[in-house]
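Student: Guided by the hints, dock chain B with the ligands onto chain A, whose structure is given.
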Amino acid sequence: MKSSTLFSHTATLPPTQGLYAAHPSAPQMDDDVVIRLDGLTKKFDDLVAVDGVDLEIPRGEIFGLLGPNGAGKTTIIRMLGGLSLPTSGGATVLGLDIVKETSEVKSRIGVVPQNNVLDRDINVRQNLSYHAKLHGIPAGDIESKIDEVLTFTELTAKRDAKIDELSGGMKRRLVVAKAMMHSPEVLILDEPTTGLDPQSRRLVWDKVMSLRDTGITIILTTHYMDEADALCDHIGIIDHGKVIALGTPEELKAKLGHEILLIAQLKVEARDRVRESLEGKPFAYDVTVEGNKLQFRTDDKKAAATHLLAHYADDVETLQFREPTLEDVFIEMTGRELRE
Amino acid sequence: MSSSHRIWAIVEKEMYVYFKYFHSEVSFAVLFPVFMIWTMGIGLGEATIDWLPEGISYVAFIMPGLIMMTVISTGFFNTGFVMMFEKEYSDAFDGLIQTPVTTEEIALAKIVAGTVKSLINGLISMVVVLVFVDLTVTSSWILLPVLFAACGFFFSCIGLAMGTWLKRGYQLGTLGNLLIFPLTFFGGLFFAVSELPENLQVVVNANPVTWMITAMREVVLYGSWDVGLEMLGILLICIPLYLGAWRLFRKLVVN
Ligand SMILES: Nc1ncnc2c1ncn2[C@@H]1O[C@H](COP(=O)(O)OP(=O)(O)O)[C@@H](O)[C@H]1O
Ligand SMILES: [Mg+2]
Chain A
162 MKSSTLFSHT
172 ATLPPTQGLY
182 AAHPSAPQMD
192 DDVVIRLDGL
202 TKKFDDLVAV
212 DGVDLEIPRG
222 EIFGLLGPNG
232 AGKTTIIRML
242 GGLSLPTSGG
252 ATVLGLDIVK
262 ETSEVKSRIG
272 VVPQNNVLDR
282 DINVRQNLSY
292 HAKLHGIPAG
302 DIESKIDEVL
312 TFTELTAKRD
322 AKIDELSGGM
332 KRRLVVAKAM
342 MHSPEVLILD
352 EPTTGLDPQS
362 RRLVWDKVMS
372 LRDTGITIIL
382 TTHYMDEADA
392 LCDHIGIIDH
402 GKVIALGTPE
412 ELKAKLGHEI
422 LLIAQLKVEA
432 RDRVRESLEG
442 KPFAYDVTVE
452 GNKLQFRTDD
462 KKAAATHLLA
472 HYADDVETLQ
482 FREPTLEDVF
492 IEMTGRELRE
Chain B
3 MSSSHRIWAI
13 VEKEMYVYFK
23 YFHSEVSFAV
33 LFPVFMIWTM
43 GIGLGEATID
53 WLPEGISYVA
63 FIMPGLIMMT
73 VISTGFFNTG
83 FVMMFEKEYS
93 DAFDGLIQTP
103 VTTEEIALAK
113 IVAGTVKSLI
123 NGLISMVVVL
133 VFVDLTVTSS
143 WILLPVLFAA
153 CGFFFSCIGL
163 AMGTWLKRGY
173 QLGTLGNLLI
183 FPLTFFGGLF
193 FAVSELPENL
203 QVVVNANPVT
213 WMITAMREVV
223 LYGSWDVGLE
233 MLGILLICIP
243 LYLGAWRLFR
253 KLVVN
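Residue numbers (the working numbering), protein chains in the order written: chain A, 162 to 501; chain B, 3 to 257.
So that you can see chain A by itself, here it is in the shape it has in the complex:
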C-alpha cells in the first residue's frame, strides 16, 4: 500500500495547471504521474476509436473518464491493461511502457473490465486463487489474501459459492476482489456501476472511496455524470475518442461561468411572450423552451426572478433554480446529451 502522504500531496496540487496541462513541455515529476498517455490512438479499420489522447493522471486520486457510449473509454482502458495494442502513440503506466513492458504493467495494476471476467467452471475462492497464482503470489499468502479481499468486498459468505449463484452486484464485487488480489498500485474500473441497482451502486462507490484513502490511484470510466461528480477528484470528458475537457468537477462546472439555471413552468400560451421578453436582457443566456418549460442560464438570480415575477406573475406556475451539472457542461461542449 502507498503511504497516505502521496495522497495528501496530490490534494495540494494547484488546480488545472501543471499536471493537467496536456503540453508535452510542461515540466513533470514522474513520481506524481501514474499514467501518461501520449498521442494514444486506436483505429478499427476506418473508425478512430481513440484519437490522439494526451493525458496525465496523478498519483493517489480518483480520476474519471466521463463520456457517452462509444466515446472510446473501454478502448483506452484495454490498451492501458495490455489487452489491445495502440495503432499509434503510446502510454506509460507507473513509468512502464504499455507495449514493451506489458507483463510488468499487468502485474502492478488491477483492472475491473466492463464484463465480469470470471471463470464459471470454478467457484469464488478458486477464481481468486487462480488469479493469485497467475500473479505469482506465493502459495502460503494466497488464502489470507483471499480472506482479506472477500472481507473488503463483503463476499465472505460466498467464499465457496458457484459463480452462477451470485447476483449481478456480487459478481461485480468479486471482479473488484480479483483485481485487488495482487495488491495493485493502480486500480482501473471500467463502468463499475453500470447495470447495478442503487444500493449496490452506493456500495461500490463506498469501496472505491475507501480504496483511494489507502493511497491506491483509481481510474474509472462512467457515463453517469452524477457518479463522476460524486467520486472523482479530476475528470476527463471524452467524446469521439478525444478528451474535450479536463479538470476537477468544480472547475468543469465553472466553465459555465458560475451560472445557474432557471427553469420556469409557464402557461403554454404565455411561453413565447415570456421568451421574447428575455431577448437582449443581460441576465439571461441560452434561452430554450420545451413544452410549457422555459429554461435559461443566468448569473443574476435576483434580476431573473424579479423580471419573471414582476411582469408575468400570472403566467408563471413554478420557478426553480438549479446548479449546473456535468451534464450541462457536456451539452455545452458537444451540443448533445450524455445519455444516448
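Simulated from the structure, these hints should not be mistaken for lab results.
Accuracy of the hints is not assured; some may be wrong.
Computed list of lysine-lysine pairs in DSBU-like fashion (alpha-carbon distance at most 35 Å, straight line) [unchecked claim]: (1) B/253 / A/261; (2) A/323 / B/89; (3) B/169 / B/22; (4) B/89 / A/368.
Tutor: Frame of chain A, contents of chain B with the ligands only:
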C-alpha cells in the same frame, strides 16, 4: 514468479475442469471403441481377410487406429472447444490475459493440458479395447503413453489454432470432422498401406496420421519397438505446428 509456475497454474485449472466433467469427457473414450468393436464384430464376424497377418483378426487390426482416433479427437476437439468457448462464450479469457501471463505461456499451457487429456483418454480407450479384444501385452507397450502424448500434442496445436481462429462451435465441429475423418481413413485405419497401389502409397505415407496408426500397430499388434522413424516424424512436425499455433494465438488474442 516464474513462467513455469504460471503455465502450471493454467494446466492445473484445465485439468481440474476436465476431471470435474470427467463423466462426459470419458464417455467418448469408452463408447467410441465399444461401439466400433460391436458393429465391426457383428458386421464382419470371423470373416477371413487374406492380407491380414497370421493370427490377427480384422477387429484387432483396426483397434490401434481407433484408439489413435480417440487421442487425436481429444487433442483437437477438447483443446479447440475449451479455447473457443473461453474466448467467444465467456468472459474468463479476458480475465486470464489481464494477468501477467504471456501469450506463449497460455498457448503452451493449453496445448500441454490438451496433450494430457489426450493421453488419459487414449489410455482409457486402450483399457476398454483390452476388455473386448484379445491382444497380447508386451514390454514395448511402455511406448504407448509417449506415442499418445506426441499425437495429442500434435492435434492440440491444431485444435488451439482453430479454436482461436474460429468463432462458432459448429465451424469447429465441421472443420474437425473434415480434418480427422479423411486423415484417419486415409491413414490406413481400415486397410494395410502395403495393399494399396504404389502411387497411392506415396500419398498415404506422407500423411502423419499414417505414421501414428502404423506406430500404434507395430506396438500393439506385433510388440515391436521399431517406431523411431514414425516418432521422429511426428515430433518434427510438432515444432512448426506449435510455432504456428502460438503465433496465430498471439496475433488474434491481442490486437
Ligand atoms: N474490437 C472492435 N472492433 C471494431 N470497433 C470497435 C471495437 N471495439 C470498440 N470499437 C468501436 O470503438 C468505439 C469506442 O468504443 P468503446 O471504447 O467501447 O467506447 P465506450 O467504452 O466509451 O463506450 C465505438 O464506436 C466502438 O464501436
Ligand atoms: Mg465501454
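Student: Does each hint fit the structure? Answer for all of them.
Tutor: Each hint, compared with the structure:
no., hint, result
1, B/253 / A/261, "holds, 16 Å"
2, A/323 / B/89, "holds, 20 Å"
3, B/169 / B/22, "holds, 25 Å"
4, B/89 / A/368, "holds, 30 Å"
The earlier numbered hints are all upheld by this structure, with none contradicted.
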